[in-house]
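Visitor: Could you fit the two chains together into a complex? Lean on the hints.
Protein chains in written order, with my numbering: chain A, 1 to 677; chain B, 1 to 103.
You may find that some hints are simply not true.
Restraint-style ranges between C-beta atoms, simulated for each label pair [unchecked claim]:
1) Tyr87(B) x Arg632(A): 51 to 57 Å
2) Thr8(B) x Gly654(A): 39 to 45 Å
3) Val16(B) x Gly654(A): 29 to 35 Å
4) Val68(B) x Arg632(A): 54 to 60 Å
5) Thr8(B) x Gln652(A): 16 to 22 Å
Residues from chain A shown here face chain B by an in silico Cβ test under 8 Å; the list is partial [claimed, not checked]:
6) Thr210
7) Gly226
8) Thr653
9) Phe664
Don't read these hints as lab results, they were simulated from the structure. Positions of the beta carbon are idealized from the N, C-alpha and C atoms, including for glycine.
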Amino acid sequence: MTAEALFSLAPLLILFPLLGLVVNIIAGRRLGERGVGIVASAAVGLAFVIAILQFIALRMDPSGATIHIADWIVIGQLEVEWALQIDTLSVTMMLMVTGVGGLIHIYAVGYMHDDVRFQGDPSRFPRFFVYFNLFIAAMLLLVTGDSYLTMFVGWEGVGLCSYLLISFWYEKGEDGIGNALAGKKAFVVNRIGDFGFIIAMLITFWFFGTLTFEEVFNEAEAMGAGAVGAATAITLFLLVGAAGKSAQIPLFVWLPDAMAGPTPVSALIHAATMVTAGIYMLVRNAALLEIATVTPDIIAIIGAATALLAASIAVARFDIKRVLAYSTISQLGFMIAAVGIGAYVAAIFHLVAHAFFKALLFLSAGSVIQGVEHGHHRADSHEEHFNPNDMRVMGGLRTRMKATFWVYLIGALALVGIPPLAGFFSKDEILADALLVSPAVYWVLVGSAFLTAFYMGRQILMVFFGKPRSKAAEAAEESPAVMVAPLVVLAILSVGGGLINSPGLLPLTHFLEDTLEGLREPEFVAAVAAISTLLAVLAIVLAWLVYGRRPMAHDPVRRLGSLWTAIRHRWWVDGFYDWLIVSRYISLSHWLAEVADEQFLHDWVHDTVIARSFVRATNWLASVLDLRLIDRGFDGLGALTRRGAGGLGALQTGYVRNYAVAVFIGMVLVVSYLLLS
Amino acid sequence: MIPGVSMTHILILSGVLFTLGTLGVLIRRNAIVMFMSIELMLNASNLAFVGFARSMGALSGQVFVFFVIAVAAAEVAVGLALIVAVYRSRSSIDVDRVSDLKG
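If we strip away everything but chain B, and leave its shape as in the complex, we get (with noise of 0.2 Å):
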């Protein structure tokens, strides 16, 4: 462990790295953008899990955070695809021009 970095100073920035993704994605209308910040929620809980294994001396959060690479790696691939479906159809990735939803 690194001297000097408590498990008090993984959480606060692992609770930065996470407002500042949800921030992004509620806040920037780029999908790439968007999506980006979703990956940095989902490392930002990852950072949590890791620092929790190593305070608690227990291996399961580790092998969360395998699980939850896994299926980040998944999404990314679900979530690309979408992206790249919706710029064909509108030559533009801007959330706000796919609102075909509303009531």
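Okay, chain A solo, but in the shape it has when bound (with noise of 0.2 Å):
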């Protein structure tokens, strides 16, 4: 096979999700849950099979293909067509999406028939898997879009099925609302970054006009110095688009409520792809950003100061995901960092392990979720309010749950960066990068890293260690092979995912050189290597000797005071956008509500002036016009026709020699006009 023909094979990649999808919103009900899962799966896995086959075409034409499928939108000078651009950069996270995604999919089977039930509604099983579909086909439209707009169909199309999913139990959470609320939350605050990304198109369109990547790059490139502020703007609303669905600050506080979701889709969207889509949009205008002047920097800043504060507030919650929410929100911090100091491979090495590791830890805490769950209804334990999220009711589960813990313990070694897991070489290529860069920026990261050891092994100790704490964990029992083959699989990958750009032989940077120009190689700075192992083995003691120790009543670091109350509240963040935008927002929305359309438009507009005047102008068109001049009207035609008639009646005498002298006048007179004229 030629590798044109390997390319033509690209449309498939999207098609495939789209028929899974269509099939299970047709027949979803008739295949039952197993039928439903293997389509769904099995489309994902197929068109895991055409990113391998694009992988293996680019092995030999490194140039990548721009597969043409239909003309879009053609006004006047605007012209967007739909492309697939194939390179090595959108294979690296097409490759990424679909395997991972395949995994979480078949991993999904076997969490969603539990949770339909515990829910109580096992008829949104197929649902479920729609919406995965659907998102699987909109990331793939996202990372092979050739131009903005078609980024940003995808980029969009994620976003909904965020926010479906997020949502998907909408009528549970807190107050039967909070799971509507986190996905009206995601949604919104999504927005604004999406808001970003619309303004930076159209300054690309003004400036370049055109929204084709390839085409805005040269342009820019041609241009040299009289591109630089027009790069500048694009790349700052870029990274607000960014910020927005890569949860940075200020727009993070989205993520940690959207795991009100069921727990495949905090693996799949919010920890592998989907929030990975800003740091992939980022290093697709690498060649903005290299002409950019302030970006790089604010990028750079932002990114490292994310990573210090989600690491912090994920050392002081008790829910077992949202600790790995705050600590996916830290680990995008690392890669937009990355890219900011311009390690782009080290950004995109680093998103694609984190996607396995991540993935790990969150299927990893499906399970534990429903593990405690199953525990909680077989030890038919009343408690009114049992949260089987919450840590503090779990301990002691490795007996309970060995496979479970052993890959948590591996995801988790992963994250936490121990030699040679993926974690290690991913982060160590970023903060050596920094190192070289901004030695601020490493100190931040490297920082953030000693968090991040220190709450991975809180939570480890606080889930798996020790003794249970509530009847649920004592009775806790193992998921089934449907997930935990999935979680072998996405250990094995955390493992070795380090492969991808093992320093020295640089697979990674080498096959991405093809797509971004002008990389540096990466340099295996063993000093940095040594401290940030050290550092992370500093925490786990740490960690170790703050809970490892003593039964766990209350959290041992509530001694550090002020800094607690500080993490335990998120630096007030949350309150301080209720303060700043949404409580001043809810008493805008009651103002209009109440006093612009009750009062305004409602009470005075509409009753007084135009209900007052509309019932004025009927009275008068239906005394005045209609009684006096219409009716009478038409009752004297009626009285004139009624009086004719009399009239003409009486002619009617119903003698038939009556009607003899008329017919022999008549004849006399016809007769009579015919002879004399």
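Guide: In structure tokens:
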């Protein structure tokens, strides 16, 4: 097979998930849970096969291809076509999306089987997989789009799926509306980011007259110094978009709430794939970032600050998934910082490695949650507000859930960066690059890495070690094989993922060189690796000293006093937004509803002005125009007709002779007329 | 042609007959008599047809007379049937008593 023939298969990549979701929409109820799961997983599996074929094609022809599908918008100067850009960057992403996505699909078959029963509505099983396949299709559209606009379609598509899946149990949660509110929050916050993306897109078109990546980059390169201002503005607004999608300061507040969705959703969308779209988008625009002046510094600062802030908040969480959510924000901060310091390959490397181990951690957390939930049902304890996500009710699960414990441990160690697991290589590549470019960023990231090791140690110790702290934890049981098998595969990937860009060989760097120009070859700095490994081990030891030895009645870190209060309250960011925006917005809405709408529009404009004058006008029409003029007119017409009919009726005597006379006279008249004229 | 009988004589006779028929229709109330008067008017016109045909030497007038006779025969059939029907329902053939359609 030639490379061209393989490239031309690319549209199937998006078609297979769409096909899967159509089948599940139409026949989902009849297929049964097993059938739905097989269809959905097979659709993603086939997409993965196509992605591998694209990878093979790229080995033959590293320059890639642009697969034209159709013209989309042709208005004057604006020409946007549907085209899929197959290059090393997009293929790296699609392999990750379909590969990790496929594993999560398989896991979800097992997870959702129980989840739909715990939540009490098994009929929602097919819907979950329809959304899941739609997400995969949208994500692939995002990574393959060859212009800002086609990428934006996928960008919005994944946002929609995120919304749908966060509020999947929309009638559940706090006060029966908590999950729906979480979905809304994610959607609204993302919308702010999307607005930045749109503005960036408009500036791009205004300045370069095109929206296609390749043309924009060539144009910018040709313009040289003339394009600096535009590139800076575009990348700044793209950063707003990336901050929304990838949960960075100041738009990170939606991601922790997004944990309201079922756990496979958190793993697929809010850890492995969608939230990395911002990083992918920035790396895709590396050519503009290289030209822009201020933006890279701002990106690096935001990334590093987010990494530290989120890592500190994660220390004070008790919800097993929220620890991981803040950890995800923190790791995304690492990637954003890497983009800021120009280490694009390191960003993508960490993105892929993070997808492996964070998906693993989330799925294992789902396994833990369901294990505890099962235990809760088996122990038959009737605690009113039992929360299976709360780490305070866990403990000692090491013995009850052996497989889950081991894969969780591998995921955690990979995240912490213990050699030779995936996170060690990817994180150290970022750290080594940071040390070269900006020591300040380096130290902030090292601090975040230390906190990462501490909160992961805390989590492992709270969940798996010690004694069970509830009847549910005592009775917890291991998850079925369909859930454990993907975990094992992801664990293997988390262990070996570092090979993707192992120091010395650097396969990922050489692979991405075909797409991203002028890459630095990262060096493996032994000192950096040694420092971060040492700090990670120190943090774990510290976590063991704090949490490992005595039963957990209160969190010992409470003793930090005001610092504990700050991180417990998430540095008051949510409260600040509530105070600054949400509460004002709500009072504005109240004012608009009560004063502007109810009193002004409804009572005054509608009732007084429109309704009253309308009544007056209709009164005049009814009493004057209708009754006096029209009614009387027609009454007169009727009377006239009646009188005329009375007169004419008299002619009809009923005597044949009279009629005969009339006929005779008529005859005489007609004949005499004919004769005389 | 009978000597001394001119076209004028024929037309006068025809006119007199037609007038008698007309008066009969207009004045009499017995349906049978009215009916006979109508026949009289038809035959007055037949006479005029025949007279004109002879004086002009054309045959079409006489042909028309056959049509008129045929139509008159049909009319007799319908008319007598009507009269019988009227008599059956009212035991009288006085046309003034059949004035139900008075307006």
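Visitor: To test your reading of the hints: which numbers does this structure violate?
Guide: 5, 6 and 7
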